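Residue-level listing of the chains:
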Amino acid sequence: MTDLGKMTFFLGMEVKQKKNEIFVCQQKYAKEILKKFNMEECRPTVTPINQKEKFCKEDGATKIDEKRYRTLIGCLMYLTSTRPNIMNATSILSRYMHCASEIHFQGAKRIVRYIKGTIDYGLRFCQVKNFILHG
Amino acid sequence: MMSTSSYCFSFSSVIFSWSSKKQEAIAQSTAEVEYVAAIAAVNQAIWIRKFMTDLQMEQKKSTRILVDNQAAISIAKNLVFHGKMKHFKMKLYFLREVQREGEIQLIYCKTENQNADILTKPLPKAKYEFLRQRLGIYIFRAKRRVELMSQEATDVEPADMDVDKSFRFNKTLIDLKLSKSVKIDINLLYFVMIFLDSVM
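Protein chains in written order, with the numbering used here: chain A, 1 to 135; chain B, 1 to 200.
Just chain B, same shape as in the assembly (with noise of 0.2 Å):
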């Protein structure tokens, strides 16, 4: 029986990078199952440093990648050799060169704080829940009716977004589009409604 690992990377707020795959083969022990999608998350937190290194909002401190397994941290960690871990191939000690250079930083977390556990697993009602809400994924109506009470409440006037930067915004997703060299998915633009979202 293969494992599934995932990922899923956010700015504070909502995940935009996620992905929940087979792994490729056979794990032998939970550590190696953690440590492989380590690597995975490792990889695309790579890119995306790169990425937003070239939007010129270079990320200065490194990376925390939270797993929640101390026994894959360990092995990124401690350059010794153990005998659980003989089998595995060299490209996944690849991990450890990251984290020398210190890009990259995995950290521990309980199993309940792990975001990425929905997308690995069918949860209990309670857990999905929860955890739907951690990945910033939310009813609009709800959130709207709590606002207009707030606005009634306060009696502000809701502020629209100016038109030049909506202008902008369409424009870049439309360049986007349009050029077919650059291979846009969709966590891409998602990734770039967030970035105008915050820079403007």
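The shape of chain A in the complex, shown without the other chains (with noise of 0.2 Å):
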């Protein structure tokens, strides 16, 4: 067994580790995510869901290819696991995956949008004296 030093990859995670603190983050992994759906170039926002939007099941608009619909919400569920923030508006999506239409697609581009603006963001684990248990 080979030491390879600090750990710095791990799951697609990036992990940097200091004297007091840990950071965690998936930037490499939204990069690529921005790639693969073409989004590269598009215009950041500040929130990943529109407060007043709300979704449902037939709302008429035309049914987009499903397969592409469901490879987005399986990006973003594994983004969640560094981004806590953005578990509500995937999870609210995520219930449209068996009848995904142009609305439900243009919410999770919403969200990738979201990721553009704030790709850098991540889990700080800070060194903490009293070790108590917050719920």
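Simulated from the structure, these hints should not be mistaken for lab results. If you're wondering where the values come from, they're calculated on a predicted model, not measured in any experiment. Backbone N, C-alpha and C define an ideal beta-carbon position, used for all residues, glycine too. Not one of these hints is a red herring.
Within a straight-line C-alpha distance of at most 16 Å, the following computed EDC-like cross-link-like pairs (lysine to aspartate or glutamate) qualify:
{"id": "1", "chain 1": "A", "residue 1": "LYS116", "chain 2": "A", "residue 2": "GLU41"}
{"id": "2", "chain 1": "B", "residue 1": "LYS121", "chain 2": "A", "residue 2": "GLU53"}
{"id": "3", "chain 1": "B", "residue 1": "LYS60", "chain 2": "B", "residue 2": "GLU103"}
{"id": "4", "chain 1": "B", "residue 1": "LYS127", "chain 2": "B", "residue 2": "ASP117"}
{"id": "5", "chain 1": "A", "residue 1": "LYS28", "chain 2": "A", "residue 2": "GLU14"}
{"id": "6", "chain 1": "B", "residue 1": "LYS125", "chain 2": "A", "residue 2": "GLU53"}
Derived list of chain B stretches under chain A, where covered just means 3 residues or more per stretch with a C-beta under 8 Å from a C-beta of chain A:
{"id": "7", "region": "61-73"}
{"id": "8", "region": "123-134"}
Now that you have both chains on their own, put them together as the hints suggest.
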């Protein structure tokens, strides 16, 4: 067994270790998503989901390629492991995997646009003195 | 319309265990929604406490869970039967038992301070950004720039993590990965990360 030094990359997650903190992010993976869905040039948004927008199963909009929609949702689901903040938006959209329409796909693309705006965000684990669990 | 329940746990810095799920049953009041969500959180808390004990980091104090609904807390605390809760399932009353034992405490917090809100509903920009920060999600680069500036100011050499520590850290992760009998999820992995970080 060889010592490869500090862990920097694990299951697509970038781990940056410092003295008092560990920073975990998926910047590279997020970039891959943008590339995969040809959204590298999109306009970033500040929130992942429109507050007023309501989704429903039969919205009358044209149905789209379900495979592509599911791929996108799957990618976003994996991103939630370092970004709990897009969890809600992703889980709402994942409810329409079987009947994806243009509107749902636009919603999913909005999350991607949000990611574009916050590409280098991640979780920062700091050292704490009192080890008390909060809920 | 079913409601979404969510919870998150942290060790006063960043959240490491979270969930956002649609509830199984249709709740008839907000208190019921919060109560069911509290149960999900309590179950997770019990598991984490157990896990911590295995890691020789027993939590001596009772775990505080913040709930943003006073009615839900009252239902869990007072052994009073109320007309509005006559349809509750028996299993939901397990929360009272846990409270009595003192392992877990439900505490009221204002809706503005409820971190788990970000996991249940779409929020306006200002609140979203505030809560995102509360969860411990930051930009890496900006932080670094600030640090570099402070380092220049104080002229302190950046101390590296010693090799032995990081090696042990890697090894533990590999061990965990290899042992298939132990079902690990991503949260557990984070948990180990923070744990190792604070122990060593």
